[in-house]
Amino acid sequence: MNNSLNLIKTIRDIPGDKYNQLAPGHRLCAGCGVPAMVRIALKAIPDPKVVINATGCLEVATTIYPYSSWKIPWVHNAFENAAATGSGIEAAFKALHKKFGKEMPHVIVFGGDGGTFDIGLQSLSGALERGHDFVYICYDNEAYMNTGIQRSGATPRGAATTTSPAGKIIPGKLERKKSLIEIAVAHGIEYAATASLAYPVDLFNKIRKADAVRGPAVIHFLAVCPTGWRSDPALTVEIARLAVLTRMWPLYEVEKGKYKINIFVKTPRPIEDYLKLQGRFKHLLRPENKWLLEKLKQDVERFWNYLVEKSKE
Amino acid sequence: MVKRIGLNGDEAVALAVKQVNVDVIAAYPITPQTIIVERLSEYVNNGELNAEFVPVESEHSALSTVVGAALTGARVFTATASQGLALMYEILWIASSLRLPIVMAIANRAFSAPINIHCSHDDAMAARDTGWIELFSENVQEAYDLTLQAFMMTENDNVMLPAIVNLDGFILSHSLADLYVFDDHEVAKLVRDERPIYKMPIDFKSPVTYGPLGLYDYYMEIKKQQAVAMRESYTYIKNVFEKYTELSNRKYSPVKTYGIEDAEIVVMALGSMAGNLRSIAKSLRKKGKKVGVVSLTLYRPFPQDIIIDVLKNVNVVVVMDRFPNFGSPGGPLFKDVAASLYHLKNRPLLLNIIYGLGGRETSPKEIKNIFERALEISKKGVVEEKEIWVGVRE
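Listed in order, the protein sequences are those of chains A and B.
Every letter in the first sequence is one number past the one before it in this note's numbering, and letter 186, counting from 1, is 186.
Every letter in the second sequence is one number past the one before it in this note's numbering, and letter 183, counting from 1, is 1183.
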């Protein structure tokens, strides 16, 4: 570990409430995994900083005019263009620094899975390829939660959403979840990692590493969504942990092309332990849908094995 | 010192953008705009312009990038045409509502389908209600002059609106012409030297939430403010025209007129057609025909007061739209003119001409026929066919 990055060792090393730059009183749901992550991210990245936010839950719930939860400069442009907007802000500060000696801020972009995996993928790809110096954080709640739980490219196989309902013939989403990190890594960026609220030290340190990289870095955060996942808001952290311990959500990072599994789960918990806490997966546990559950299990196993192989390289 | 040089329209725009010392350019190649961004990349890569050139992956990202860049207080520019404008359409509204000083050139080109690279005013007209100032160039000189003036307009703290400079695709964008240009240091005097350009830029000491959610309790007031800003920008836009006229010795105003002192009929158009109209009108006037020409340099905000004033005593007004009318009461310019004249007690008769779509040539003979038809309507006092497509095979 690189000590010059000021990586932390325990949760007590994360600065306390008085350093919060996302004020309380926002309208995100009880048990939402996003605001806690945002606060950690803003504590991990030093001032001055500017946030760019794609349209989505985080944007609408924190900026209902004339109120705002943001204590730092914050920009919302549209849904699919957060990475392009961030590109412009980064490029402009670079120009103003060069020409007028203006201070260069840290640039942080937040987008949901819809704004990242689907409608915003082109804009993100362009920005990664051009090499803008920013940290892109995807808060992935695995569906379009802001519009009422519609399936996205990030929805896992088998999950029920309002556009992939658990029907009699088609029991939920039939397709696999795409891998955002693999897409990001294919651009040759220096740092990409997954993160979870159940591992806040890992989350904090990954954001710090992402910020230290010159050029773009991508953090893929699994955002437990009690409303969309139909889970108990009190169990958010528990569900986030189970995602890791069942290997549904491997915690790994890719630093200059080098893969590393951060939490190596030797003996995984049964996937059912994770699924049964969420209404969106309830139907998968019924005998007639076993075939789909098996497919999901295969996805998980295959990807884990892939990561194990990659991390040996 | 003023120099006389040869450039095409795209190069003239690029030169003006370089001379105002822009900070960020984001653009995507699209014919017939491409030369603008090619020249700008050359300026940047050769060290003639100290700016960040962001070679984005789409026009949607081009405008999104300059929106972000403008918020920092940087001077920004983008350019597009046709499908590119259509792709960035959503962001046009956001740019104007955030009241950002963005200048964009459009080398006007027809919308698909069928795909076509030549001139229609489809893109300019698609943008007409999005809250941007819109200027139309008649020739290469104007493309240069209006680009400089667009920066002067958007950077006025009383205006705070983005601006579009239209130049007809190929007819102006790719035509070599001689023009007068300022020295760089003279242009520097026209625009703001210091930054920020935007009145309320990103500030770490006093952070602002840009682009929040605004629902029914505030949205309408925000839109009203924009409407008022657009209306009030008119005065400042006219000031810029006056100031620039003084400095350049080239006359700029929202509306250009020819022969209207005694005109019985007037033909109106936007962009490069205006020159052709004047040339035909001139020959007709020599034969004693009382014809006039009115063209608009400023299309948004619409110079309604001047239009009423110059057309109020005319018998017939022919409005030429380079835009197809699909089932509406007329082409866009026609409707603007008709609505402006409606409140007059004695209204001129109106005829709408649709012409030049997708680069279709409008010949001098066809233009002459338009004038003659107008004179005939004036004589008869009745418009039989209200919309005529010129130069089309039926």
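Hints in this document: simulated from the structure, not taken from any laboratory.
Be a bit skeptical, because a hint or two may be false.
Stated by the list, open to error - Listed below are several chain B residues computed to face chain A (Cβ distance under 8 Å; list not exhaustive):
id: 1; residue: Thr-1065
id: 2; residue: Val-1066
id: 3; residue: Ile-1091
id: 4; residue: Ala-1126
id: 5; residue: Val-1187
id: 6; residue: Lys-1189
id: 7; residue: Val-1191
id: 8; residue: Asp-1193
What the hints assert, rightly or not - Here are the simulated DSBU-like pairs of lysine-lysine, each with C-alpha atoms no more than 35 Å apart in a straight line:
id: 9; chain 1: B; residue 1: Lys-1256; chain 2: A; residue 2: Lys-99
id: 10; chain 1: A; residue 1: Lys-43; chain 2: B; residue 2: Lys-1205
id: 11; chain 1: B; residue 1: Lys-1256; chain 2: B; residue 2: Lys-1286
id: 12; chain 1: A; residue 1: Lys-49; chain 2: B; residue 2: Lys-1199
id: 13; chain 1: B; residue 1: Lys-1199; chain 2: A; residue 2: Lys-102
id: 14; chain 1: A; residue 1: Lys-102; chain 2: B; residue 2: Lys-1256
id: 15; chain 1: B; residue 1: Lys-1199; chain 2: A; residue 2: Lys-43
id: 16; chain 1: B; residue 1: Lys-1256; chain 2: A; residue 2: Lys-98
id: 17; chain 1: B; residue 1: Lys-1199; chain 2: A; residue 2: Lys-9
id: 18; chain 1: A; residue 1: Lys-99; chain 2: B; residue 2: Lys-1286
id: 19; chain 1: A; residue 1: Lys-49; chain 2: B; residue 2: Lys-1224
id: 20; chain 1: A; residue 1: Lys-102; chain 2: B; residue 2: Lys-1287
id: 21; chain 1: B; residue 1: Lys-1287; chain 2: A; residue 2: Lys-98
Each residue gets a CB set at the ideal place from its N, CA and C atoms; glycine is no exception.
Evaluated hints:
1. The beta carbon of Thr-1065(B) comes within 4 Å of a beta carbon in chain A, closer than 8 Å, and the hint placing it at the interface holds.
2. The beta carbon of Val-1066(B) comes within 6 Å of a beta carbon in chain A, closer than 8 Å, and the hint placing it at the interface holds.
3. With a least beta-carbon distance of about 6 Å to chain A, the hint placing Ile-1091(B) at the interface is held under the 8 Å criterion.
4. Residue-level restraint check for Ala-1126(B) is violated (minimum Cβ-Cβ distance to chain A is 17 Å; threshold 8 Å).
5. At its closest, the beta carbon of Val-1187(B) sits 16 Å from a beta carbon of chain A; the interface hint therefore is violated under the 8 Å criterion.
6. Because the smallest distance between the Cβ of Lys-1189(B) and any Cβ of chain A comes to about 18 Å, over 8 Å, the interface hint for this residue is violated.
7. With 8 Å as the threshold, the beta carbon of Val-1191(B) stays out of range of chain A, its nearest partner Cβ sitting at about 14 Å, so the hint is violated.
8. For Asp-1193(B), the shortest C-beta to C-beta distance to chain A is roughly 10 Å, which exceeds 8 Å, and the interface hint is violated.
9. At most 35 Å may separate the alpha-carbon atoms for a hinted pair to count; Lys-1256(B) and Lys-99(A) exceed this at roughly 40 Å.
10. Of the supplied pair hints, the one linking Lys-43(A) and Lys-1205(B) holds, its CA atoms being roughly 17 Å apart against a limit of 35 Å.
11. Distance hint between Lys-1256(B) and Lys-1286(B) is fulfilled; the C-alpha atoms sit about 20 Å from each other, no more than 35 Å.
12. At roughly 20 Å between alpha-carbon atoms, Lys-49(A) and Lys-1199(B) fall within 35 Å of each other, so this suggested pair holds.
13. With a C-alpha separation of about 16 Å, the suggested pairing of Lys-1199(B) with Lys-102(A) holds against the 35 Å cut-off.
14. The straight-line distance between the Cα atoms of Lys-102(A) and Lys-1256(B) is roughly 43 Å, outside the 35 Å bound, and the hint therefore fails.
15. Pair hint Lys-1199(B) plus Lys-43(A) holds up; C-alpha atoms about 29 Å apart against a cutoff of 35 Å.
16. For the given pair, Lys-1256(B) sits about 42 Å from Lys-98(A) by alpha-carbon distance, which is inconsistent with the 35 Å threshold.
17. Among the hinted pairs, Lys-1199(B) with Lys-9(A) is inconsistent with the structure: their alpha-carbon atoms are about 44 Å apart, more than 35 Å.
18. For the hint pairing Lys-99(A) with Lys-1286(B), the CA-to-CA distance comes to about 57 Å; that exceeds 35 Å, so the pair is violated.
19. For the hint pairing Lys-49(A) with Lys-1224(B), the CA-to-CA distance comes to about 32 Å; that is within 35 Å, so the pair holds.
20. As the CA atoms of Lys-102(A) and Lys-1287(B) are separated by approximately 65 Å, the hinted pair breaks the 35 Å bound.
21. Between Lys-1287(B) and Lys-98(A) the CA atoms are separated by roughly 62 Å; this puts the pair beyond 35 Å, and the hint is violated.
Violation of the numbered hints given earlier is confined to hints 4, 5, 6, 7, 8, 9, 14, 16, 17, 18, 20 and 21; the remaining hints are satisfied by the structure.
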